[in-house]
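Novice: The primary structure of each chain is shown beneath.
There are 2 protein chains.
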Amino acid sequence: MEGITVEQAVELILEHTPVICETEEAGLLETPGRILAEDMKAAFDNPPFDRSPIDGYACRAEDVAGASKENPVRLKVTEEIDAGQYSVRKVKPGEAVRIMTGAAIPQGCDCCIRQEDTDYGEETVEIYRPEKKRGNYCFAGEDFKKGTVLLEKGTRLGYVEAAILAGMGADRVKVYRKPRAVLLTSGDEVVEPGRELTQGKIYNSNLTLLTARMMDFGVCPVYTVTVGDDAAVMADQLQKAAKDADVIITTGGVSVGKKDIMHESLRMIGAERIFWRVQMKPGMPTLFSVYQGVPIVSLSGNPFGVAVTMELLIRPLLQKMMQDDTLGLVRVKGIMADTFEKSARGRRFIRAIWENGVFHLPDGLHSNGILSSMVGCNCLIDRKSGLGPLQTGCEAEAILL
Amino acid sequence: MEGITVEQAVELILEHTPVICETEEAGLLETPGRILAEDMKAAFDNPPFDRSPIDGYACRAEDVAGASKENPVRLKVTEEIDAGQYSVRKVKPGEAVRIMTGAAIPQGCDCCIRQEDTDYGEETVEIYRPEKKRGNYCFAGEDFKKGTVLLEKGTRLGYVEAAILAGMGADRVKVYRKPRAVLLTSGDEVVEPGRELTQGKIYNSNLTLLTARMMDFGVCPVYTVTVGDDAAVMADQLQKAAKDADVIITTGGVSVGKKDIMHESLRMIGAERIFWRVQMKPGMPTLFSVYQGVPIVSLSGNPFGVAVTMELLIRPLLQKMMQDDTLGLVRVKGIMADTFEKSARGRRFIRAIWENGVFHLPDGLHSNGILSSMVGCNCLIDRKSGLGPLQTGCEAEAILL
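Protein sequences appear in the order of chains A and B. Letter by letter, the first sequence follows residues 42 to 442 in the numbering used here. Letter by letter, the second sequence follows residues 42 to 442 in the numbering used here.
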């Protein structure tokens, strides 16, 4: 099989992939999926005050030491403090305050008594049981302390982190900006969905495949164009895209035929070819170039090839560019429940369903041009080169989609 | 522990949860994450024509039966067919056409010869090896046949399905509409992030927690309101929300204190109480009602309680309402790497990190009011009631976040 290994290809791609260090501000609800670009340090203790975890009475443990149902302790109720309220009056011996869950415990008190353990008194209250010092008592700073770094730069934010940011009072945070990706699909034979399919044409599924998968990875392409098999037009598009994009992905035109325009287009703009051809099926004719610092990944036009190279080559690129390790490929092992007949010499990636440690093959053809049999598949079996057919019962390894 | 079991609570919630059957049209790139509301049947064979998988020459296998490098067969090249082109001229014995990958194989031909196995001739071509009938030949309908249901009603669409729809020529499809959710958080003590934090107040993290998690589940709340501890105002909001919403979620005010307004608000509007209190920690005082057919889930105000009930009670509700089984809870088993000390009688859900079959507990407090220690956690250990502390080395079960 011609070309470099998949691992070499990834290494070369990463070598030419810049990390995006520019930042932008994101509102709280825009943060999930983003990478934090600054340490987030607490500006105050949280909770900001000692607070009651119950509905009841705040008082001094000393005063209620001997309390029981038979011998209740009677305290004078000086005020009521609800959640959201705050009292500056210090509670003295023999006194209590009515207090609600989440309310600030006033000075002088060192415990709270559950209302079920009292007579619910308003002017005075009878306490039916003792409480230890700091019993039913939440300390200021119990959640986090002023100055503590709660979320570190580089953290991938999710719903919990967004809520923590909210709890810190932050309504906007600095995150790394997302990559600007441009997708260029090519081919005289493709027609966009929704238009009429004329003789000799097929519908363009690659553009949707690439765009939707990029969106799974958190990247919404800045624009997408479908170009005919014309090297000069493609060259123009590449030049235009390179002005604005962090990464350019093209499909089609990378093989050896007369219509394989990508080689010519890239020569025309003077892009540096880093590699062409990778030892993998599908996706063998993948071509990687750099133009004005922008990585250009050129995939073959076969839809299944696009799906496979997206995972194996573009996902690692985005992982580095976005500093998002959740994009890292996850490998799993399992036993073949079916036999994969095709026995080419080279390395092959095979669509499959991985369930409870077992690999099932989908019905339908495995050809590179066929996508329909990929429905329901959740992995790509990595059949290393030199192996024969994958027999039922043998062990295999796959990357999860 | 008071209340019904989590399982009973889920059952009651589902009993009162309608499935959304109304549909809407979605453009291709809006389909990922949506549920298909119609069978998608192929309107044509794909590929729509027999096509060449290679760059080379299409001809008749019979004509090249004896071909070799030493004794090449010479054929007359009658035309060139590129991808996207189509010829109606039938190829006769002794003839060949130059053909490119993806181009329609013309009538009369039954195989294609790779250009590497020819002299690349233009007027005539020398063929250096034989090819079997249907060799290098892709049949029309190989991907899918006209009339085949490629995607069934009820399928959850992803990037592959979107690409298959594109390949079918569909630019819009019918999907079920998303739930309209209204979130109402309550509490005199909460201040929205970005505002000044005054004495006795805390920032509202629940609204962000709920909204961001709903968005993970594919639901963008139609609106959210934060209400003070005023039963009449909350009642108004509930009535207003019920006009428009499929589901209402509230936080706070469900306990037994004077400020626990939800009971009163729901009474005021005449909502039917289905249950109050669930045997779980956190989230015990969860209250579930139905008003004008709209399920209202009222959660306690503790952020960790909100996070837990969101998974255990609201996620199943959304799963049913949206017919989206990817929202189903996934349970995993593992061994405790740390000891969880607290030993209450009741069932408890404990934030943890599950990795390689082992549960690790995060640093920091596990209190219900504390969210910061949830960073990095990917599961909730389900410590069933009646068990003591979870010791290092013992087996535990968890639901994945």
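Keep in mind that the hints were calculated from the coordinates and are not lab data. Hints are supplied without guarantee of correctness; some may be wrong.
No copy is singled out in the list; a pair is fine if it fits within one copy or between any two copies.
What the hints assert, rightly or not - Distance condition first, Cα-Cα at most 20 Å in a straight line; then the derived SDA-like pairs of lysine to any residue:
1. 133 <-> 148
2. 82 <-> 426
3. 82 <-> 66
4. 194 <-> 418
Novice: All the hints need checking, so say for each whether the structure fits it.
Specialist: Outcome of the hint check:
1. Proximity of residue 133 to residue 148 under the C-alpha cut-off of 20 Å is restricted to the intra-copy arrangement: shortest distance 9 Å within a copy versus 103 Å between copies.
2. Proximity of residue 82 to residue 426 under the C-alpha cut-off of 20 Å is found in neither arrangement, the shortest distances being 51 Å within a copy and 38 Å between copies.
3. Proximity of residue 82 and residue 66 under a CA criterion of 20 Å is satisfied intra-copy only: 17 Å inside one chain copy versus 45 Å between copies.
4. Only between protomers do residue 194 and residue 418 lie at most 20 Å apart by alpha-carbon distance; the minimum there is 18 Å, versus 35 Å within a single protomer.
Hint check: a violation occurs at hint 2 only; the rest are consistent with the structure.
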